[in-house]
Amino acid sequence: MSDLMLAAVTVRRGGRTVLADASVTFAAGRLTAVIGPNGAGKSTLLAVAAGLLSPDAGSVTLGGEPLATVNARALARRRAFLPQNPAIAWPISVERVVALGLTAHLPAFGDLPRRYGGAIDLALARHDLTSLRHRAATELSGGELARVMLARATVGDPELLLADEPTAGLDPRHALDAAAQLRARADAGCTVVVALHDLSLALRIADDVVALKGGRVMEAGAAANVDDALIAELYDVDARVTRDCAGVVVRFA
Amino acid sequence: MGAAGALVRPMLAALCLAGCSAAPTVPRSSGRPVRVMSMNGCTDQLVLALLPRERIASVTTLARDPEYSLLAARARAIPTNRGLAEDVASVGPDLVVASSFTSPAQLAMLRRLGFPMLVVGDPGSPEAIRRAVRAVAAAVGERAEGEALVAGMDRDLAELARAPGPPLAVAAWGEEGLGAPAGSLADTVLTAAGAHNVGVGRGGRADSIEALLALSPSLLVTGDPRFRHPGRHDDLAFHPAIARRWRARTLVLPEATVICGTPFIGRVALAIRAQLRAAAARRG
Amino acid sequence: MSARPPLLVAMLAGLLLVAAAASLLAGELWIRPSEVGAALFGHGETLAGMVVRELRLPRLVLAVLVGGILGLSGAVLQGLTRNPLAEPGLLGVSAGASLGAVLAIYYGLSSVLPIATPLAGLTGALLVTGVALLLARGGGTVTLILAGAAVTSIAGAGISLALNLAPNPYAAYEIMTWLLGSLADRSWDQVALAAPFILGGGALLLPTARALDALALGEAQARSLGIDLGRTRLLALFGTALGVGAATAVTGAVGFVGLVAPHVVRPLVSHRPAATLMPATLAGGLLVVLADLVTRLVHVGPELKLGVVTALVGAPFFLWLVLHLRRTAP
Chain A
1 MSDLMLAAVT
11 VRRGGRTVLA
21 DASVTFAAGR
31 LTAVIGPNGA
41 GKSTLLAVAA
51 GLLSPDAGSV
61 TLGGEPLATV
71 NARALARRRA
81 FLPQNPAIAW
91 PISVERVVAL
101 GLTAHLPAFG
111 DLPRRYGGAI
121 DLALARHDLT
131 SLRHRAATEL
141 SGGELARVML
151 ARATVGDPEL
161 LLADEPTAGL
171 DPRHALDAAA
181 QLRARADAGC
191 TVVVALHDLS
201 LALRIADDVV
211 ALKGGRVMEA
221 GAAANVDDAL
231 IAELYDVDAR
241 VTRDCAGVVV
251 RFA
Chain B
1001 MGAAGALVRP
1011 MLAALCLAGC
1021 SAAPTVPRSS
1031 GRPVRVMSMN
1041 GCTDQLVLAL
1051 LPRERIASVT
1061 TLARDPEYSL
1071 LAARARAIPT
1081 NRGLAEDVAS
1091 VGPDLVVASS
1101 FTSPAQLAML
1111 RRLGFPMLVV
1121 GDPGSPEAIR
1131 RAVRAVAAAV
1141 GERAEGEALV
1151 AGMDRDLAEL
1161 ARAPGPPLAV
1171 AAWGEEGLGA
1181 PAGSLADTVL
1191 TAAGAHNVGV
1201 GRGGRADSIE
1211 ALLALSPSLL
1221 VTGDPRFRHP
1231 GRHDDLAFHP
1241 AIARRWRART
1251 LVLPEATVIC
1261 GTPFIGRVAL
1271 AIRAQLRAAA
1281 ARRG
Chain C
2001 MSARPPLLVA
2011 MLAGLLLVAA
2021 AASLLAGELW
2031 IRPSEVGAAL
2041 FGHGETLAGM
2051 VVRELRLPRL
2061 VLAVLVGGIL
2071 GLSGAVLQGL
2081 TRNPLAEPGL
2091 LGVSAGASLG
2101 AVLAIYYGLS
2111 SVLPIATPLA
2121 GLTGALLVTG
2131 VALLLARGGG
2141 TVTLILAGAA
2151 VTSIAGAGIS
2161 LALNLAPNPY
2171 AAYEIMTWLL
2181 GSLADRSWDQ
2191 VALAAPFILG
2201 GGALLLPTAR
2211 ALDALALGEA
2221 QARSLGIDLG
2231 RTRLLALFGT
2241 ALGVGAATAV
2251 TGAVGFVGLV
2261 APHVVRPLVS
2271 HRPAATLMPA
2281 TLAGGLLVVL
2291 ADLVTRLVHV
2301 GPELKLGVVT
2311 ALVGAPFFLW
2321 LVLHLRRTAP
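Protein chains in written order, with this note's numbering: chain A, 1 to 253; chain B, 1001 to 1284; chain C, 2001 to 2330.
By construction, these hints were calculated from the structure, which means they are not laboratory data.
On a predicted model such as this, the values are computed, not experimentally measured, just so you know.
Treat the hints with care, since some could be wrong.
As the list claims (entries may be wrong) - Reference listing, derived: stretches of chain C covered by chain B, where coverage requires no fewer than 3 residues with Cβ under 8 Å from a Cβ of chain B:
# : segment
1 : 2051-2060
2 : 2108-2120
3 : 2162-2170
4 : 2304-2312
5 : 2316-2324
To be verified - Derived, one-sided and incomplete: chain B residues facing chain C with beta-carbon distance under 10 Å:
#  : residue
6  : Thr1191
7  : Gly1194
8  : Ser1208
9  : Leu1213
10 : Leu1220
11 : Ala1241
12 : Ile1242
13 : Arg1244
Positions of the beta carbon are idealized from the N, C-alpha and C atoms, including for glycine.
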């Protein structure tokens, strides 16, 4: 378990500065929610943190080791990444999709060793997919697909999990399920980074929060510290954060 | 004007020529033209054979190509045309020799332009060759030369009839598979030389290597090796199985010798007979 | 993991053997099964022996190699682009390779250096495949197919022009062979020329299997799984160019094999891209062997070109596929 640290990361694309001088630490074993308006640079931040995008300036280190120097396959074994709006090109079975999460664990030649069969079964069970294991992935509903993707991401028991809007388009029940799964991963010791639009959900499950606006990190700290002022500044909208025994709710004017 | 009417008879004659061979129309002009223009590769041969260079105004570009012309050397100094009616207008000959294979549109154009014209069919047999040579000779005022050429051909053919070559089984093989079909000049020459053309009369597709292997002729008749053009047809014409099998058993019959009916076919057949005798000697 | 791929491979291999046997026996000269053994292994100069060893066997070997590489390339390109309509024929690769080969053969280069033929085909294929893969990333399916059609037209016009201008006056009549493909009268010379490149191309294409599986989740996820996408694309590019380029240089452009073969086997391997590679190779070989057999057995007029037969099967399939995709996709 190691900290994921971004130091002065800058990303430019097509003349625009998408991320400017971002310095963030994603602490080990904690769930960090990345929030901010559309176009703030959340997806870019996640891609850089996952090691899939090289910043134009700054560095990314995992437990002190620069991400750029880590072998791609070795990194793939430790880190799972879920992009926005995942789609599956061929009608392969759900079980097969989950198994793909173990691609980096495949030996040079041949199929997965038998011992991984258990990991797949476990991932399927954990995300309530056992009855769907032989269903074609292209025939799944939005909620089912989201569960499958999470199962795919967690099957290899990564120490780092980054998810970009995993609850997009999900109804409240499925969104809560997905959020609960992410929380469970964090509780098990995984470093989880999630970009979320749903603020109530974000504050509900997150230990830490990173607020991005216009490519800059406005705030980075404990989720408990998120207040009305921050949300108002972030989204240019009056907001009220209410914390009570039922949980956390963010209301907008 | 009566021009339209005056054109009708020659036109009908020309139309009849398209079907039959060598019953040419006689030109209306003088008996000894000094600027003769030939519009077709085969009429080139006849014109070149009968006339001295000074009296030939133009021949086609094919006349200089040794792949298709027996008299290519003679044609080198003579201006060339592309066989188009426009070329006639610029040359201004006093006799145009065209073939019945010239397109009817071109023939019609030439008549409209008013040039004295002789249309010759493509002769496919010795008899037709005699008629064509005599007709062209008469039109260019060289009857004696024409008779000499015909006599030479007849002499050669008589010699071959008297002492034909050994009756070896032969088949012509080229870019399109089996060649020298019955009635073609190639077949006439091969048969006159004494060979037995087994490629004739075989049904089915001509381009079958399996069929050739089954026919198994003693000699394979091929074109002049100097004129090989690269292309896909090489797979058929020069397939390794064939090349190996008949490597030392080929008989060369250059395209230039049989593509047109000329009075030289007698000489050609004599050359074939010599090759047949040499081949028989090698085997025996 | 599922045991079905090995079973499918065995079945396809078996079918291929049967088709191969038929291919050796049938033709203008029907050879009895009892004669085949002597024909294949005997040294005598019997007619059957010559026909089988010099004519039918090289033709059969070439059919398997060409069909195989087309099927394999189609499977890889479909997996890489995640597009069920991708294949070397539709993308214009075969046409580009034909153009390269025509320039080499008819302008004397290959007479001097026989290996110029597959090399020229390879170059033509490389250029076109590169363009196609570039387009596949940016635009959608329609762009890709349209670009392929455009390239095929341009290459076809180029071939026609090259043949018309060639020194050989009969060259222009051979355009059909280049645009529709033919295995007629191929000899061991051509097998020796093309086989190393075809096998080399296959060797570059087969290792993309794992990447293709991961790509089912999209490029971002595939990369996050440790797949080197750049390397995968290069392998697909050079494998296709090498294999299909050399094959086309020797047979002309054979269409639709790379489209049909992967589609036929995909449902039988649960749609797993990696699992389609070997079966598509065998299915492609089977398809071409059978098509070639048809061209030899049908006796209407001049020789039926190979591409005509594959198009008779492939074009309706292509149409059905397009309609099917329209119905299922948004």
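Against the structure, the hints come out as follows:
Counting residues of the segment 2051-2060 of chain C whose CB falls under 8 Å from any CB of chain B gives 3; the rule of at least 3 is met. Chain B is given as covering the segment 2108-2120 of chain C, and this holds because 3 residues of the stretch bring a CB closer than 8 Å to a CB of that chain, at least three being needed. Counting residues of the segment 2162-2170 of chain C whose beta-carbon sits less than 8 Å from any beta-carbon of chain B gives 5, enough to reach three: the coverage restraint holds. Given as covered by chain B, the segment 2304-2312 of chain C fails the check, having 0 residues with a CB less than 8 Å from a CB of that chain where 3 are the minimum.
Here the segment 2316-2324 of chain C counts 0 residues with a CB under 8 Å from a CB of chain B, which misses the bar of 3, and the coverage is violated. Because the beta carbon of Thr1191 (chain B) sits about 26 Å from the nearest beta carbon in chain C, more than 10 Å, this interface hint is broken. Interface restraint check for Gly1194 (chain B): the shortest CB-CB distance to chain C comes to about 27 Å, outside 10 Å, so the restraint is violated. Annotation: Ser1208 (chain B) was flagged as interfacial toward chain C, and the flag holds, the nearest CB pair being 5 Å apart, inside 10 Å.
Because the smallest distance between the Cβ of Leu1213 (chain B) and any Cβ of chain C comes to about 6 Å, under 10 Å, the interface hint for this residue holds. Hint status for Leu1220 (chain B): violated, given a least beta-carbon distance of 15 Å to chain C, over 10 Å. A cut of 10 Å between beta carbons decides the hint on Ala1241 (chain B): the least distance to chain C is about 4 Å, and the hint holds. A hinted interface residue such as Ile1242 (chain B) counts as satisfied when its beta carbon comes closer than 10 Å to some beta carbon of chain C; here the least separation is about 9 Å, so the hint holds.
For Arg1244 (chain B), the interface hint holds, since its Cβ comes within 10 Å of a Cβ in chain C; the closest pair sits about 8 Å apart.
When held up to the earlier numbered hints, the structure conflicts with 4, 5, 6, 7 and 10 and fits the remainder.
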